[in-house]
Structures are given as C-alpha cells and as structure tokens.
Amino acid sequence: KNEVEQSPQNLTAQEGEFITINCSYSVGISALHWLQQHPGGGIVSLFMLSSGKKKHGRLIATINIQEKHSSLHITASHPRDSAVYICAVQNIQGAQKLVFGQGTRLTINP
Amino acid sequence: KAGVTQTPRYLIKTRGQQVTLSCSPISGHRSVSWYQQTPGQGLQFLFEYFSETQRNKGNFPGRFSGRQFSNSRSEMNVSTLELGDSALYLCASSLLGGESAEQYFGPGTRLTVT
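Protein sequences appear in the order of chains B and L. Taking the working numbering, I'd label the letters of the first sequence as residues 1 to 110. Taking the working numbering, I'd label the letters of the second sequence as residues 1001 to 1114.
It is worth saying that the hints were derived from the structure and are not from the lab. Just so you know, even glycine gets a beta-carbon here, dropped at the ideal spot from N, CA and C. The reader is advised that the hints may include incorrect statements.
Stated by the list, open to error - Partial selection, computed: residues in chain L whose CB lies under 10 Å from chain B:
(1) GLY1042
(2) ASN1077
(3) GLU1102
(4) PHE1105
As the list claims (entries may be wrong) - Partial pick of chain L residues on the chain B-facing surface, computed with a CB cut under 8 Å:
(5) LEU1043
(6) GLU1048
(7) ASN1056
(8) GLY1108
Starting from the given sequences, assemble the full structure and let the hints guide the process.
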C-alpha cells in the first residue's frame, strides 16, 4: 500500500461545478503539500499545511491530522483549472523529502 | 525575483552515456531537492542538498549523484544511462530546508534515453 493515496485518479466535470480531491496518508507528517501540474510538466505549489484550513482564491485545502486525511476543493471550477493535482507529504523525519500521491487528473469542460 | 531555473530543458542521450543536469535555485534559497517523474512510478525523491551537503537521499542506485556549489546551484549526474532513466527531472528550492518548508519547483529537464 502506498504511503499517500489520492482519489479519484481521474475527474471530469462541467465548468462551474464544485470539485473535491481527497488525499489519505499513513505516516506521521510534518506538512502536507498540494501541487498543480499542467501539461508540459511545470509544478506549482498551491498549499502547504500542517493543520486546519487554507484558502487562496477559489481553492481551499483542509487537513485532519487525526484522521490522516486532506482535501482540496475548487469552487466555481473553470477549464483553466484542468491539470493534475498532486498531494505530497513531508515525513516527520524526512526534512525536505516529499512522498507523493499518484495524482488526480482533473478535466473541466466548458 | 527569478524563479527556479533548470538547464537544459530537453535532452536526448544514448544508453550507456552519462548526463549532468543543472538547477539554479531562487536567490537566497539554500536547499535544493531533486525529483524524478516517470509515468510508471510517478514522482520520487532523489536527494536534497543544503549548504553544499547532501542531507537526504532517496532509494536510487549509485549511478545517480549530485552536488551543490557554494552559490547554492546544484547539479545532478546520472552515469551509465539506462532506458528506464527516461523521465522528467525536477528540482525544487526552499529558503532553509527542514521540515515544513515550502518548496518552489523548476520547469524540469525532460531526459530521453534511446
């Protein structure tokens, strides 16, 4: 079993829909990252969180440390949100070492 | 402030050759991490450098090595290339490294081994 599991693996939705991507992990962590990767490969860090909730524009990330679970929400989704979203965790002993989920491929249709 | 830069962006090599990839972190950042992304294995951690010292290493064979210079620029080297080394190699920098440090990713170097 992978240390970091994401669901769903693929998600297709219509513009304007509310999107939720889930991430579960099995190790103790110091932080959890949500990353966005567009075709072409570039990765952008969306959030880094170790507790609670963070919001940036239409994106919201939450984490429940006790349940070892995090969610990424996108409100009022737009075709430009189409990308692969990746959850990654920093192990408590791992310093900068990130362990990645397999990614969720999101497609937003106009 | 300029972002993380990686050179070259694309590279084609032949099996058995060796390759060196370069990463220039954001100015002032002292930690550089390297990652490999393949369709089969996804993203995997290679190693992290901080103040010219390797601080962490992932589960990769000794053919994969790296170093960091006094200006925090980093290079990674892969010797005796194999077809399976074809991948997107990403580097990321952070200010001080350590736990809970935000990382900024470069655009990656896409290596194709034929």
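* Asked: So which of the earlier hints does this model not fit?
  -> 2
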